[in-house]
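Make the full structure from the sequences, and use the hints.
One-letter residues, chain by chain:
There are 2 protein chains.
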Amino acid sequence: MNKTENIAIIGFGLLGASLGMALRGGNYHRLGWTRREEVRSWALENDVIDETCDDIKNVLAKADLTILCLPIPRIMEYIETYAACWKPGAVVSDIGSVKEVIVNCGEKFLTPQGVNFIGGHPMAGTENSGPDAAFSTLYAKAEVFVTKTANCSPDALNSVKGLWESIGTKVVELEACKHDDLVAHTSHISHIMALALTEAVLDCDDPDTLALRYSGCATGFRDTSRISSSSPSMWREIIENNQSAVFEVVKELSKRYKNLSEIIENKDYDQLEAEFAKGKKLRDDWMKYKNNG
Amino acid sequence: MNKTENIAIIGFGLLGASLGMALRGGNYHRLGWTRREEVRSWALENDVIDETCDDIKNVLAKADLTILCLPIPRIMEYIETYAACWKPGAVVSDIGSVKEVIVNCGEKFLTPQGVNFIGGHPMAGTENSGPDAAFSTLYAKAEVFVTKTANCSPDALNSVKGLWESIGTKVVELEACKHDDLVAHTSHISHIMALALTEAVLDCDDPDTLALRYSGCATGFRDTSRISSSSPSMWREIIENNQSAVFEVVKELSKRYKNLSEIIENKDYDQLEAEFAKGKKLRDDWMKYKNNG
Numbered sequence: 483m484n485k486t487e488n489i490a491i492i493g494f495g496l497l498g499a500s501l502g503m504a505l506r507g508g509n510y511h512r513l514g515w516t517r518r519e520e521v522r523s524w525a526l527e528n529d530v531i532d533e534t535c536d537d538i539k540n541v542l543a544k545a546d547l548t549i550l551c552l553p554i555p556r557i558m559e560y561i562e563t564y565a566a567c568w569k570p571g572a573v574v575s576d577i578g579s580v581k582e583v584i585v586n587c588g589e590k591f592l593t594p595q596g597v598n599f600i601g602g603h604p605m606a607g608t609e610n611s612g613p614d615a616a617f618s619t620l621y622a623k624a625e626v627f628v629t630k631t632a633n634c635s636p637d638a639l640n641s642v643k644g645l646w647e648s649i650g651t652k653v654v655e656l657e658a659c660k661h662d663d664l665v666a667h668t669s670h671i672s673h674i675m676a677l678a679l680t681e682a683v684l685d686c687d688d689p690d691t692l693a694l695r696y697s698g699c700a701t702g703f704r705d706t707s708r709i710s711s712s713s714p715s716m717w718r719e720i721i722e723n724n725q726s727a728v729f730e731v732v733k734e735l736s737k738r739y740k741n742l743s744e745i746i747e748n749k750d751y752d753q754l755e756a757e758f759a760k761g762k763k764l765r766d767d768w769m770k771y772k773n774n775g
Numbered sequence: 483m484n485k486t487e488n489i490a491i492i493g494f495g496l497l498g499a500s501l502g503m504a505l506r507g508g509n510y511h512r513l514g515w516t517r518r519e520e521v522r523s524w525a526l527e528n529d530v531i532d533e534t535c536d537d538i539k540n541v542l543a544k545a546d547l548t549i550l551c552l553p554i555p556r557i558m559e560y561i562e563t564y565a566a567c568w569k570p571g572a573v574v575s576d577i578g579s580v581k582e583v584i585v586n587c588g589e590k591f592l593t594p595q596g597v598n599f600i601g602g603h604p605m606a607g608t609e610n611s612g613p614d615a616a617f618s619t620l621y622a623k624a625e626v627f628v629t630k631t632a633n634c635s636p637d638a639l640n641s642v643k644g645l646w647e648s649i650g651t652k653v654v655e656l657e658a659c660k661h662d663d664l665v666a667h668t669s670h671i672s673h674i675m676a677l678a679l680t681e682a683v684l685d686c687d688d689p690d691t692l693a694l695r696y697s698g699c700a701t702g703f704r705d706t707s708r709i710s711s712s713s714p715s716m717w718r719e720i721i722e723n724n725q726s727a728v729f730e731v732v733k734e735l736s737k738r739y740k741n742l743s744e745i746i747e748n749k750d751y752d753q754l755e756a757e758f759a760k761g762k763k764l765r766d767d768w769m770k771y772k773n774n775g
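As you go down the protein sequences, you meet chains Y and C in turn. Residue numbers for the first sequence follow the working numbering, so the first one is 483 and each next one is one higher. Residue numbers for the second sequence follow the working numbering, so the first one is 483 and each next one is one higher.
Simulated from the structure, these hints should not be mistaken for laboratory data.
Dumping the calculated DSS-like pairs for lysine-lysine here, alpha-carbon to alpha-carbon at most 25 Å:
no., chain 1, residue 1, chain 2, residue 2
1, Y, 660, Y, 737
2, C, 733, Y, 733
3, C, 749, Y, 660
4, Y, 762, Y, 749
Remember, predicted model here, so these are calculated numbers, not experimental data.
Dropping the structure here:
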């Protein structure tokens, strides 16, 4: 790695600000930019970045590696709007939760400029958003999916991989369409399901019943529903940009739920216990993998 | 409270052993019993109880207040089997996750003996079970539902309430049938849903796809699926003993999920965002209540 590599972090939400914090004391010179001037000042004052500038174009022009830490529609908008600002040979990547639409956008607008686009998606986040929610260890031990494009150089790929590895994030290379199918399963469907649960439990007009449910909900509900507290606009954008893969998993989950529903309706408790045992083994095996990983 | 009140804890699983630990240094003399001799010794050696005995009958005979910390079928079995062992005026309670079947059993077998039965259900637990999973703060700030029976004395009710309040647990009095409807919503349905999710995501025959999903699942899936790691036999017993209330909520959740599914199928993203916003407000309001409670 070039010890004076200029990295530009664009956007200081949870992911962008946490990335800047994670890179503290490392070998990168951290440029950064976000729309609001007061957040740029906050980022400088709090050692989230080393340098900023009022005009994003000047930041992008200096950057060897840019990470667009923005909502999905903004990532695509910035790629199109600022395509001519990066220097030839520069590398642009992102943190968006879907990859096919973004990688297609990167190829379309950056390849003609001689700029490399590499898709990125760190599997890290909390139900909170914004710079106040940021913390330096968000990416430690997390995994990041990295999606190369047809026209990017091997060096560009290594540059993005090296960035994530330098802060302890495990890199997994994956094609864009496989990525989108994967995250529909591992992440997007959980948000649909947690939302349905939250509505079934708490969307209740009778105040006495609601008061009781407030008491009755405990740690099980707290954790199962946690991601219902995520950003509504972000999750709308994610599902909007991954509709076909998400809808396939919606149907798969519906099938699983219907099976359990029929088991309960038929009072087939031996089968119900077998399903619970299957679920426990599946989930315990995965936890073992995560804890040893 | 009588300073030398004898409490008997029967069963040293997560709930029983944690109750003994929570009562350390308090005003109760803690008797205790469980089936396995080595676990009785463990409980004595680790200050979970003050006194035990090989024969459960001797423990029950001494007890002013007994808490049956057992699986639901065992609670009912012990009430029936040992009904004649308690002294008249003694109080028996439990920690079972359903109340109507247990309270009916308590009335049937204990009332004729002059023994008071009060149903109890602390809203506390983790996905782990057994004495090794126990810890002294399990009940701190938790809530406990207490269900009186037609024939119990006011002193008996106060005795059970006093026990829980002495370890920082908030007591909520509730009729058995209302309790069972409530926990079907606030707890039991989450287990069905988390199981369906775990199966949809991890019950996958292709090893390459499964390996990717192992990588791709992160904190969102971890929390949403957490309760899938609970005891299969315990959850079978809970749902078996609360089938009609659970099945009503299964249908309610199905309706909510179908609505979201249609919104996604129809690509009605404004409506999807409105649903996400509704879910966030419902869940955030509940979290505020829990954090201030």
